[in-house]
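Participant: Sequence:
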Amino acid sequence: MISNQEFINQSLETNLFFLRIMKEHSIFLEAAFSIKDQNLIAQADYFKNQFTNLLTNAISISNGVIPARVLNSNEIVTKYTMDAERATQSVSGIYIDSNITSMENSLSANTNNNSNNNIAMLTDYVSRLNQYSIELTSMLIKFKTDLRDNVLSCKIFTTAYPLLIDHILREAILFRETLTKLQSGISISAENDKDILEQETFWNRIMSEHSYFIRGLLDPTEAELFDIANNFGQEFETLREESSTADNISSTLSDLTNTTLDETIKLRDFKTQGTEGLLGCKIKSIIVPLLGDHVLREANHYINLLQLFNNLS
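Each residue of the sequence shown is one higher than the one before, counting from 1154 in the numbering used here.
Because the hints were derived from the structure by calculation, they are not lab data.
No experiment lies behind these values; they were computed from the predicted model shown.
Note that CB positions come from ideal geometry on N, CA and C, so glycine has one too.
Treat the hints with care, since some could be wrong.
Stated by the list, open to error - Result set (DSS-like, lysine-lysine): computed pairs, CA atoms no more than 25 Å apart in a straight line:
no., residue 1, residue 2
1, K1308, K1334
2, K1295, K1189
3, K1419, K1232
4, K1308, K1189
What the hints assert, rightly or not - Pair by pair, the computed Cβ-Cβ distance ranges are:
no., residue 1, residue 2, range
5, K1334, K1295, 33 to 41 Å
6, E1159, Q1426, 31 to 39 Å
7, K1295, D1380, 33 to 41 Å
All chains should be built: construct the whole structure from the sequences, respecting the hints.
Facilitator: Shown next as C-alpha cells:
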C-alpha cells in the first residue's frame, strides 16, 4: 500500500499537471467549433471553467506541500505560459484566467514540517480532490467520445483533427486511470520494466502525434519546419514500435530509454523554439500560442518520467 505522504505527493503532482491539460483541451475544442455549434461551444466552455475551479483547489492544497522537484519540473507551467494564455485569449476571445498561472508561479515547496495530524487532513482533502477530478474527467471523456464519433460520422464539423480528438481523449483516460489507482492505494511510480515500457509506448505515441499535428497546422510555406516536425513524427513512431515490442531485458530497456530521452530533449527544444516563434509572430501557422506551450509542457513531463526511469535501471 502507498503511504499517505506518497499518496499526497503523487496525487497533487498528477492533478497539477493534468487538470491544466484538461482545461486547455477544452479551450482548444471551444476555439475549433463553428458558429453553428453554439451548444458545443458552451459545453467546452463549461468544462474549461470547471477544470479551472478544480485546478485552483489543487494549487491551494499544494502550497507548501509539494516537493521542490515538482515546482522545478517545467511541466506545471513554463516561462511562456502566461504570455501564451494572454495571446490566445486575445486572438480567440475565449476568457482564460491567468491568475491561476500567477498562483502556480508563486507556489512554495514542502518544508517537511507536516505533523501526523496535518498529513491525515491533507490525505482527506487530496482524496476528495481526486474524486472530483475523476468525476469531471469522466464527463469530459464522454464529451470527447461523442464528439469523435460525430466527427467521424460527418455529423459535426470542427477544425480539430479527428486524430487530435482521439489523442486528447486518450490523455483524459490516462488521467482518470492514474487517479483511480491512487484512490485504490496503488502507487503510480513505475516499479518494473513492464511499467516503464507501457509508459514509454504511450508517451512515444503522444510525442509522435504532437509532431504530426504541428506539421499539419503549419502554413504550407513553412517547408523547413514541416520537414523537421515530420521527421520527429517518424522518429517517435519508430520508438513507439520499439517500446511496444521490446523484451523486458534491463540492458535493452536502458538503451531504449536513453535513446528516447535524447530524442525527447531534441523535440522539447524544437517545441520551445516553436512556442517562442508563435509568441513573436515569426511562424506562419494556424496554431494558437497556448497549444505551443501545452505540447512543450507535455514534453517536459515525459523528460521527467524518462529521467526517473533511468534512475530505476
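Participant: Of the numbered hints stated previously, which ones are contradicted by the structure, given in increasing order?
Facilitator: Hints 1, 5 not satisfied by this model.
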